[in-house]
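Going line by line, the protein sequences match chains E, Y, H and R.
Those letters in the first sequence? Residues 1 to 259, by my numbering.
Those letters in the second sequence? Residues 260 to 518, by my numbering.
Those letters in the third sequence? Residues 519 to 747, by my numbering.
Those letters in the fourth sequence? Residues 748 to 976, by my numbering.
Think of the hints as simulated: they come from the structure by calculation, not from any bench.
Warning: the hint list may mix true and false statements.
As the list claims (entries may be wrong) - Here are the computed distance ranges between Cβ atoms for each label pair:
(1) Ala681/H <-> Gln206/E: 18 to 26 Å
(2) Ser287/Y <-> Gly727/H: 26 to 34 Å
(3) Pro648/H <-> Pro877/R: 49 to 57 Å
(4) Asp390/Y <-> Phe661/H: 50 to 58 Å
(5) Ala588/H <-> Gly142/E: 48 to 56 Å
Unchecked claim - A few chain E residues that don't get close to chain Y, going by computed Cβ distances all over 10 Å:
(6) Asp7
(7) Arg34
(8) Gly61
(9) Ala89
(10) Ser99
(11) Asp109
(12) Pro115
(13) Ser179
Please read all numbers here as calculations on a predicted model, not as lab measurements.
For each residue, glycine too, the CB sits at the ideal point set by N, CA and C.
So the chains spell out like this:
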Amino acid sequence: MAEARQDLPLLSPWVNAAGALGFRPPRSWPWPERMGAFITHPVSLAPRSPAKERGLAAYAGGFLMHTGLPNPGLSRVLSEHRARWARSAAPVWVHLMASEADEIRRMADRLENLPEVGALEIGIPPWAGADLALRLVDAALGELPVVVSLPYVQVEAPWAARLRDLGVNALHLSAPYGSYPDGRGGLLHGRLYGPHLLPLALEALQRAQVTRLPVIVSGGVFSLEHGQALLAAGALAVGLDAVLWRAGPGEAVPETNLD
Amino acid sequence: MAEARQDLPLLSPWVNAAGALGFRPPRSWPWPERMGAFITHPVSLAPRSPAKERGLAAYAGGFLMHTGLPNPGLSRVLSEHRARWARSAAPVWVHLMASEADEIRRMADRLENLPEVGALEIGIPPWAGADLALRLVDAALGELPVVVSLPYVQVEAPWAARLRDLGVNALHLSAPYGSYPDGRGGLLHGRLYGPHLLPLALEALQRAQVTRLPVIVSGGVFSLEHGQALLAAGALAVGLDAVLWRAGPGEAVPETNLD
Amino acid sequence: MAVTLAQIVEISQEAPIWQGLRVRLPNGLHPAPGQYLLANRPHSDDPLPVALYPARLRPGDLRLVGPLPAAWAVGDWLEIRSPLGRGFRLPPQARRVALAALDGPTARLLPVIEAALAQGADVALYTSAPPAGLPLAVEVLPFSLLHEAPAWAQYLALTAPRARLTALREALGLTAEQGCPAAEVLVDTPIPCGGAAACGVCAVHTHHGWKLACEDGPVFPWDDLEVEG
Amino acid sequence: MAVTLAQIVEISQEAPIWQGLRVRLPNGLHPAPGQYLLANRPHSDDPLPVALYPARLRPGDLRLVGPLPAAWAVGDWLEIRSPLGRGFRLPPQARRVALAALDGPTARLLPVIEAALAQGADVALYTSAPPAGLPLAVEVLPFSLLHEAPAWAQYLALTAPRARLTALREALGLTAEQGCPAAEVLVDTPIPCGGAAACGVCAVHTHHGWKLACEDGPVFPWDDLEVEG
Ligand SMILES: Cc1cc2nc3c(=O)[nH]c(=O)nc-3n(C[C@H](O)[C@H](O)[C@H](O)COP(=O)(O)OP(=O)(O)OC[C@H]3O[C@@H](n4cnc5c(N)ncnc54)[C@H](O)[C@@H]3O)c2cc1C
Ligand SMILES: Cc1cc2nc3c(=O)[nH]c(=O)nc-3n(C[C@H](O)[C@H](O)[C@H](O)COP(=O)(O)OP(=O)(O)OC[C@H]3O[C@@H](n4cnc5c(N)ncnc54)[C@H](O)[C@@H]3O)c2cc1C
Ligand SMILES: Cc1cc2nc3c(=O)[nH]c(=O)nc-3n(C[C@H](O)[C@H](O)[C@H](O)COP(=O)(O)O)c2cc1C
Ligand SMILES: Cc1cc2nc3c(=O)[nH]c(=O)nc-3n(C[C@H](O)[C@H](O)[C@H](O)COP(=O)(O)O)c2cc1C
Ligand code: FES
Ligand code: FES
Numbered sequence: 001m002a003e004a005r006q007d008l009p010l011l012s013p014w015v016n017a018a019g020a021l022g023f024r025p026p027r028s029w030p031w032p033e034r035m036g037a038f039i040t041h042p043v044s045l046a047p048r049s050p051a052k053e054r055g056l057a058a059y060a061g062g063f064l065m066h067t068g069l070p071n072p073g074l075s076r077v078l079s080e081h082r083a084r085w086a087r088s089a090a091p092v093w094v095h096l097m098a099s100e101a102d103e104i105r106r107m108a109d110r111l112e113n114l115p116e117v118g119a120l121e122i123g124i125p126p127w128a129g130a131d132l133a134l135r136l137v138d139a140a141l142g143e144l145p146v147v148v149s150l151p152y153v154q155v156e157a158p159w160a161a162r163l164r165d166l167g168v169n170a171l172h173l174s175a176p177y178g179s180y181p182d183g184r185g186g187l188l189h190g191r192l193y194g195p196h197l198l199p200l201a202l203e204a205l206q207r208a209q210v211t212r213l214p215v216i217v218s219g220g221v222f223s224l225e226h227g228q229a230l231l232a233a234g235a236l237a238v239g240l241d242a243v244l245w246r247a248g249p250g251e252a253v254p255e256t257n258l259d
Numbered sequence: 260m261a262e263a264r265q266d267l268p269l270l271s272p273w274v275n276a277a278g279a280l281g282f283r284p285p286r287s288w289p290w291p292e293r294m295g296a297f298i299t300h301p302v303s304l305a306p307r308s309p310a311k312e313r314g315l316a317a318y319a320g321g322f323l324m325h326t327g328l329p330n331p332g333l334s335r336v337l338s339e340h341r342a343r344w345a346r347s348a349a350p351v352w353v354h355l356m357a358s359e360a361d362e363i364r365r366m367a368d369r370l371e372n373l374p375e376v377g378a379l380e381i382g383i384p385p386w387a388g389a390d391l392a393l394r395l396v397d398a399a400l401g402e403l404p405v406v407v408s409l410p411y412v413q414v415e416a417p418w419a420a421r422l423r424d425l426g427v428n429a430l431h432l433s434a435p436y437g438s439y440p441d442g443r444g445g446l447l448h449g450r451l452y453g454p455h456l457l458p459l460a461l462e463a464l465q466r467a468q469v470t471r472l473p474v475i476v477s478g479g480v481f482s483l484e485h486g487q488a489l490l491a492a493g494a495l496a497v498g499l500d501a502v503l504w505r506a507g508p509g510e511a512v513p514e515t516n517l518d
Numbered sequence: 519m520a521v522t523l524a525q526i527v528e529i530s531q532e533a534p535i536w537q538g539l540r541v542r543l544p545n546g547l548h549p550a551p552g553q554y555l556l557a558n559r560p561h562s563d564d565p566l567p568v569a570l571y572p573a574r575l576r577p578g579d580l581r582l583v584g585p586l587p588a589a590w591a592v593g594d595w596l597e598i599r600s601p602l603g604r605g606f607r608l609p610p611q612a613r614r615v616a617l618a619a620l621d622g623p624t625a626r627l628l629p630v631i632e633a634a635l636a637q638g639a640d641v642a643l644y645t646s647a648p649p650a651g652l653p654l655a656v657e658v659l660p661f662s663l664l665h666e667a668p669a670w671a672q673y674l675a676l677t678a679p680r681a682r683l684t685a686l687r688e689a690l691g692l693t694a695e696q697g698c699p700a701a702e703v704l705v706d707t708p709i710p711c712g713g714a715a716a717c718g719v720c721a722v723h724t725h726h727g728w729k730l731a732c733e734d735g736p737v738f739p740w741d742d743l744e745v746e747g
Numbered sequence: 748m749a750v751t752l753a754q755i756v757e758i759s760q761e762a763p764i765w766q767g768l769r770v771r772l773p774n775g776l777h778p779a780p781g782q783y784l785l786a787n788r789p790h791s792d793d794p795l796p797v798a799l800y801p802a803r804l805r806p807g808d809l810r811l812v813g814p815l816p817a818a819w820a821v822g823d824w825l826e827i828r829s830p831l832g833r834g835f836r837l838p839p840q841a842r843r844v845a846l847a848a849l850d851g852p853t854a855r856l857l858p859v860i861e862a863a864l865a866q867g868a869d870v871a872l873y874t875s876a877p878p879a880g881l882p883l884a885v886e887v888l889p890f891s892l893l894h895e896a897p898a899w900a901q902y903l904a905l906t907a908p909r910a911r912l913t914a915l916r917e918a919l920g921l922t923a924e925q926g927c928p929a930a931e932v933l934v935d936t937p938i939p940c941g942g943a944a945a946c947g948v949c950a951v952h953t954h955h956g957w958k959l960a961c962e963d964g965p966v967f968p969w970d971d972l973e974v975e976g
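Generate the whole structure from the sequences, applying the supplied hints.
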């Protein structure tokens, strides 16, 4: 077990998946239960433009989306959204993406002393092997609680079993990637969304037991019952994605400074 | 490269997934293209009863089914269906399931000299590690062509990259497993079916390139276009499952002895 | 068993997850009471064919019930395999007939009721939710009185989910040792492949070994069933 | 932007994957021509909200078009976010207005047509498939003559998929260097989140940087667009 780290701040077992709600807590939260934490859209050190081959393909039970995870880079994210984070009643977890440990280290350094940041979530790129994955995680570990976000299939990777001893606070299992005909003879590659993912999410959650870490699961939750099934199966929290794009009646989200 | 083995007999790129058509070629084949090979329901050495917790759960875009893969065992399968196999115009591949290499060896021994058997397909149990998987495959390798059947997630297992050098003829990627609420507070665990699998099938096919083996892919194909997308992405053949349970207009399947 | 195309003429709500359906089928393909059809929309993304059971079998008026996908609409064409399985075998001499449905729509018993009335039987339906179109001659009794039926009836037509056969035995007032030779049960299980795959998910444990509800059922003699628990 | 509940009053077929839809919305929530709504059935398994565009905006007669899921039926309730995005900005002084839809339904241009006629403009629609309910005063011309429109029209309202903007430029008879300051284009892209996620799948490359079709569009000045190729 590594050095003592802060506890993961979480007000309820309902969070959003990174990328499902942009860079700041929404004015309304279209879900019948209180928001447990707000997770930012993935943020990189440098700005990222939308992918040239961006697109969406719908199929029975879901859809696939490729965006390139565009974002204006950490500095602009902070200058534009920090004030709103400070007014958020729900703790704000900043999701960091990088392909080099050094980028994570530099971003973590800037975030560690900001009182409006409650935790770091580190996205493990889908192509990462053990080496890169562990270096990215290690670079994030400081005083802030750290959540490691990885696609379902990676829970079986041997390195995932080492995260608890490194001092990681929790896992966040994220939806798998897939490919779909792009209608022009090629394939679109991207993350999957939709209720059809629930059986895979439940399965991944069970397999994640070997990591002995608390597990947050995203993907496939489009009703309270779906989410409750994941909680009953042992999830610490449930991450909501495209269901939050509905025009649910919505709760106004209170803006209260936690400090 | 191991000893010379027969070529895999295949009349067209359209086969069934093991378990989708029972133990004998159907009287009619509800698919617009000719049947390339008939693959039997999984056969074990000893009889297997239906699972106590058998069941089906439908969800958006698909369903999950747990059966326990009941079958009367190899001897009864042979005595009841061999004569029909001999009249099949499409080559018959016998799908063997076992948890011990010895069982595979004993079944392969009985099948090797039967002219009505065109190939062996070896099911790798979802829980198998490298050791067991390679032992099961090794026990099957004789004169008959061998197809190794494994769920999508296993294509990334390091042992899968060794199958080509062992002399395996092809891979058959089969649909993933999942869990779903059983409506009584527990979870039903089983194989997934439905068009929602197509993005995962396309993705698994691309990842299977590392094995340098011809790849058959099952799961997610409910229209000719779905199947053609997999063939365009490089599949040797496409395995059909629940789409074959439809009352398609159907082609009468010719009964001609290949010998 | 034959394959045919038929158009949906009417859809109605029956019970929470059950809808009623009218299609026109060629005459020879009509199912018997307790038999079923498997139907799918051609070229659709629906992953499973849907099992439909007759609720009315009058000439020119075939009504079916089943858990229809929300996307099915009047005017849609269906590919249909029919008739499938073994249905109720009402003995021609039965003069006292009792019926009950546990956890399912009573509408599937209507064709048995019509046949029983046609042969002059007294008919008792044990239910708190009589189906639409129930003939007036039928005596409707509370389900809680079903335990009186085995002594009274010469034939009992029942339906129950596979997992609820023990509850049905209790409702019939029978012990694990007591038989009820006059009773037949339509056992509700998934029947996705209709036997095409020998998938076995529909398997029912009987005193004669494992049977497939899709082919050997869905109606079984009560006394053949191995009721667990 | 507001959230409201509305019931489906009518559904009709428009074009291969486009259906027409009528709902009753509170008055203040009506979109302008080229704006859109995002609609979903509450408590459904539909994975995505559906983008709907106005095809008729007369008081008491709001018609929308969009690629409706097969399961939507008359009588269903929809949760709706509306109005969203920036629509067509018909200059009040325009007296010659041209319109064309590349690879999409012409019905989305109807509200611009009605507004143009109302301000006394001559209106030319370049299409081989005029929409139902097209006013008689509109001159219908073949799409292949669209290249004549930039010289004639004081305002052009166009629609095209993002990947087909080069084809639209060719149809307009323009070179990569030539502008067309009078034209606006409704750029068809997926708009799944309507900005809620900043997902960026709807991003459109403009001379002023990346813009989101869901918020900054879907209608853009033609001359702002970076047309690749
Ligand atoms: C999808 C599916 C396909 C199957 N395919 C086959 C197949 O092709 N061939 C095959 O042989 N089996 C088949 N089976 C049965 C399955 O293989 C058996 O469950 C398995 O053989 C295990 O047998 P058991 O000992 O559990 O049999 P049990 O269920 O215990 O039965 C043993 C046998 O004893 C006999 N028996 C028992 N009680 C009585 C009685 N009161 N009256 C008369 N006979 C009685 C029956 O013939 C029965 O087969 C299939 C089952 C399923 C669900
Ligand atoms: C979903 C999404 C969210 C985004 N969120 C943000 C965000 O919050 N903040 C942010 O800053 N960026 C945001 N971006 C933009 C994105 O981060 C940029 O694409 C990225 O910064 C890369 O920049 P670039 O060099 O490709 O910019 P370019 O697209 O090349 O543009 C460079 C800049 O130059 C200026 N410019 C260029 N030409 C002109 C002209 N003719 N007139 C006036 N100005 C001109 C523009 O201001 C523009 O921003 C977002 C993009 C998307 C799709
Ligand atoms: C956690 C994570 C980290 C990533 N890191 C990088 C990266 O450092 N550099 C890069 O070019 N792409 C990176 N990718 C982006 C992928 O190459 C790809 O563009 C992206 O996953 C597609 O986004 P989408 O699935 O949202 O469409 C990353 C993706 C994820 C999910
Ligand atoms: C290829 C394969 C091999 C299997 N081998 C065994 C086995 O040897 N012994 C066993 O008890 N179960 C075996 N299992 C069965 C599983 O434990 C489980 O019962 C089965 O996968 C569920 O079947 P279903 O997915 O069709 O419902 C095997 C499953 C597969 C797919
Ligand atoms: S439904 Fe598949 S064997 Fe009965
Ligand atoms: S639709 Fe997601 S940002 Fe525009």
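Under the constraints set out in the numbered hints, which ones does this structure not fulfil? 8 and 13
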